[in-house]
Amino acid sequence: MMMIKLKCRTSWSVCFALKRHLAHSGRAYYSNAAERKNENTFDVIVVGGGHAGTEAACASARMGVNTLLLTHKLSTIGEMSCNPSFGGIGKGHLMKEIDALGGVCARICDKSGVQYKMLNKKKGPAVWGPRAQIDRELYKRQVQEEVLATPNLTVRAAAVEDLVTQEGPSESGSSVQCCGVVLDSGEVIPSSTVVLTAGTFLRGSINIGLTQRPAGRIGDEPAVGLARTIEKAGFTMGRLKTGTPPRLDKRSIDFSCTEVKPGDERPMPFSFMNETVWIKPEDQLPCHMTRTTDQVAQVVRDTLHLNRHVQEEINGPRYCPSIESKILRFSQKTHQVWLEPEGLDSEVIYPQGMSCTMPEEHQLVMMRAIPGLENCRIVRPGYGVEYDFMDPRQLKPSLETRLVANLYFAGQINGTTGYEEAAAQGIMAGINAACQVQAKPPLVVSRTEGYIGVLIDDLTTHGTNEPYRMFTSRAEFRLSLRPDNADIRLTSKGYTVGCVSEERYQRMESMRQKLKENLELLADVKKPTNKWRTSLGLPATTDTNLMSAQSLLCNPLVSLSTLAQAWPSEFGHFLQADPHLLDRLDIEIKYSTDIASQ
Amino acid sequence: MFARLNVLRQYCLLSGRTANFFQWTKDSTQIKYFFSSSVPHSTIFALSSGAGKCGVAVIRLSGSKSSYALKQLCGKVTKPRTASLCKLMNPQTQELLDRALVLWFPGPKSFTGEDCAELHIHGGPAVVSAVLTALGSLSGLTPALPGEFSKRAFANGKLDLTEVEGLGDLIHAETEAQRKQALRQMEGDLNQLYTGWRTGLIKSLANVEAFIDFSEEENIEDDVIELVTTSVMKIQTEMEAHLRDSRKGERLRDGVHAVILGEPNVGKSSLLNFLCQRPAAIVSPLAGTTRDVVETALNIAGYPVLISDTAGLRESCDVIEKEGISRALDRAEKADLKILVLDFEVHGANLSNVDFPTFLSSYLSDMRLYQNNFREADSVHDSPSNSDQSLSFDQVPEDSWEVLVVVNKSDLARVSDLKQVSQHASGSVCFVSCKTGQGLDRFLHVLAGRIKDLCGDPLTSSSSLTQTRHRHHLSRCKQHLEDFHNLLSYDVVIAAEKLRRATRELALITGAVSTEDVLDVIFRDFCIGK
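Respectively, the protein sequence lines represent chains D and A.
Heads up, the first sequence is in the UniProt record's numbering, so the first residue is 1 and it goes up one at a time.
Heads up, the second sequence is in the UniProt record's numbering, so the first residue is 1 and it goes up one at a time.
Partial chain A-side listing against chain D, Cβ under 10 Å, derived:
no., residue
1, 206
2, 208
3, 209
4, 210
5, 211
6, 212
7, 213
8, 214
9, 490
10, 491
11, 492
12, 493
13, 494
14, 495
15, 497
16, 500
Rather than coming from a laboratory, the hints here were simulated on the basis of the structure.
We put the CB at the ideal spot given by N, CA and C, even for glycine.
Kindly generate the complete structure, drawing on both the sequences and the hints.
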């Protein structure tokens, strides 16, 4: 194993001194107020201010650990760098779980969405997918407010150039330990643990047409030095690619020849802490749908020789493919194009499904071949990104690396795609880095407990050869890992480890208690089948066998409210009950029999 | 994660017969991971031919050190896949052990997929022992455990589970028909059938999963669920037909159980002795000579038959005889074929008077054997179960009821009577005389025909279920598919779970299934991406 070379000689002494101190004071360190006054010493350093980074930093700070968030630019914290939406099928499940652990993204989405929609509403509550179109600016601003207001969290704009490591056996058996970071200025910041959430910035390169230039996102610096350091430490790296569509000027689009797709009439909040979302249902913005034409396919084929990104043999995602690969693989079809608003006051439209990397002038020709976009203007061209990722099989289930102790990786750097996948890893890495500092055992969510567990177990045991996205079909225990019960599954775990507030815990406990009482009541109240049926106006039967109210409710014609009306003495309280409680009771009953046999 | 230890344990259990292998339930994705990461480390060797003195004995080696072993014993690695005559030397003493034909199969083109070698040596026990000792003295070589060669072949993807089972059966095959069936199975016949279904179900599952994970706002065809329903229904129908094969394959593999029944002293034991061509049972003119069940394994026309002679059925006060009768009834319950022996002197007259099925029905009833239970009877489903009966035949599938009626002592009949009676009775009645041998050839012919029907012809086009293990998983698979149809409109997620379980049941017969299989199909067949 190779030692990471230090850029700054003086850091050795700092590092050793810190370590020695830690070894003596151990757990007491984080709560030592005098120690904390040293403003250049942190327990957890989070590198990167994307979705993984903010969740990691906030989680570790929530646990009372002195945390530093380092990012290139403060203004990009909480930036939604690609699509203007959060959630969806599988992804929505992850958000509910992040929220159950006290995370940030779900709460902010409830305050910044411009259109809320529950996907899969017709397909059974286990796979309902809460999704929202988000106002980018509102989201970013509120994340930044939250981050800056979080106690124990310091934020600083700086580029991290290297990691500080030292050799010597650690508790976890690695022979190298991470004990801080080196900034590009050469400044060394010591810390007990480092969470690296570098996204696509590791040797990132942007492709448009035949040009390729090194960069992270447009306008940001790629982290070349860091990538080299990680490779030198002996980590196996791979390369992945992804892309983003051109952005359009809203005023240049003729929406009259597109299909209007409104939001839900009763928008459901993402967070268990919220009863409703911030926006009035009628104020929600619509999305619009249009389709590609033969002409679009023609442009794609004609410009292949000008399209470096498509020609390369690097794995891109199979499920969020560029329009080029969709047309090359499924030539016979037309493809949907979703025109999504980027915010309440934004004049930018995000054409979901049109990610492309052909030269800019051809992008315009192609976009204008789509109904409704005949006169469209491109605000910013689409482009492709290639980046290094770390083989996630080199991570422990806690997301700590096996090679370097006290170093955690989270987010796109581990080969995933999507805000939610990144945030889910971020919160876990942040919690576990803090656990390490506080000498607690790591928090590991198993495959039976949550999609977070599925995500991390898949990554750390199987690795990935394409950008990994969550699907409900990845979860073996899909019937019990539902969006509705994420709090019951995870909140007490989070409370025990310290990343969940008292308020959230009490809220979950009260809901759990109410669910339990009512489920017991429904199972206990038994009446002859014929009596049930006549009382509810169902077709009569001669069956006099006793049936529980719970079994009765498995009949789709019976609801809690009809039951309450027919039997007010037993179930009258349902009429005034919290609608969330009733929804959850319905779902619990529906799956109760099959989960038992799962 | 949680299943891995369990899988490890199951993997270790795989030796010889694989009947108990793959009992794991959850997360079968782990199996792939486990196999791909566990390269068998040691090189194994074993005497692969039978024990005892023989002309030639074959010792087989498998593993990365096979070439090292060849170098040590023969001084060189011989030409691949060519028989080479070599001197085998003791690697320590350089003493000549034997002159042998040596075959070298470099992996992966070998039985196990690893480097393999075969040493064809002289078959004397001392030679075999000397060569085995020499191999054992080499570092990294260990004697193979039972079934370990097949296990490695399985782990390396050379054989699937049904093929391993077929191989085991081929080695154990004792009759010609068994050999044919086992060979077909080893050649992947059942594997093809089950894998075909599995592939179909995985595709359907992928369609349902795509419908769940992507259909909203993405390009999934609207009729995808209808396609799935049709396709699943088709597999279900095929599976039902396969399950309705009257256990032919299992019978052929395990032997047909036939039992000889009848009143005392009608000649049951004589009939057994005729079939065995030896005095297997004691025969005497005294009623009640046979008290226990006398069982003999026979090869009849290439089919394995396990035939039991039983105590004569009558009311008895003798404790031992009563127990014998109870055992006879018990055996009759489990048998595939019942040979009912009648005495011509007693029943000859009845046979010519009444309709034969009616007679037989009432006779069996009188014998307190059973009622309305043989094929000719129409009223099988209507008859209320007789709680007085010691047997509960109504629980046994109807098609397992096979009665072959043998009327013995036909030598005592007048030729004209016999002719008249045999015309009256149906074709499945044989008139024989164990004393004179009259009619026995015809009986044997009829018996062979019945047995052949019970086992099926292993060379006909449809392959048969050969193991109860397969039947178990297929039945469960079928049940899950039925549930899938019923639940589809209620909750597609629960229905998908049933389909997933159905697929898993098939995977339990042949090998592994992983969620990646499903995702691969999804991404091959659908253009995903909103």
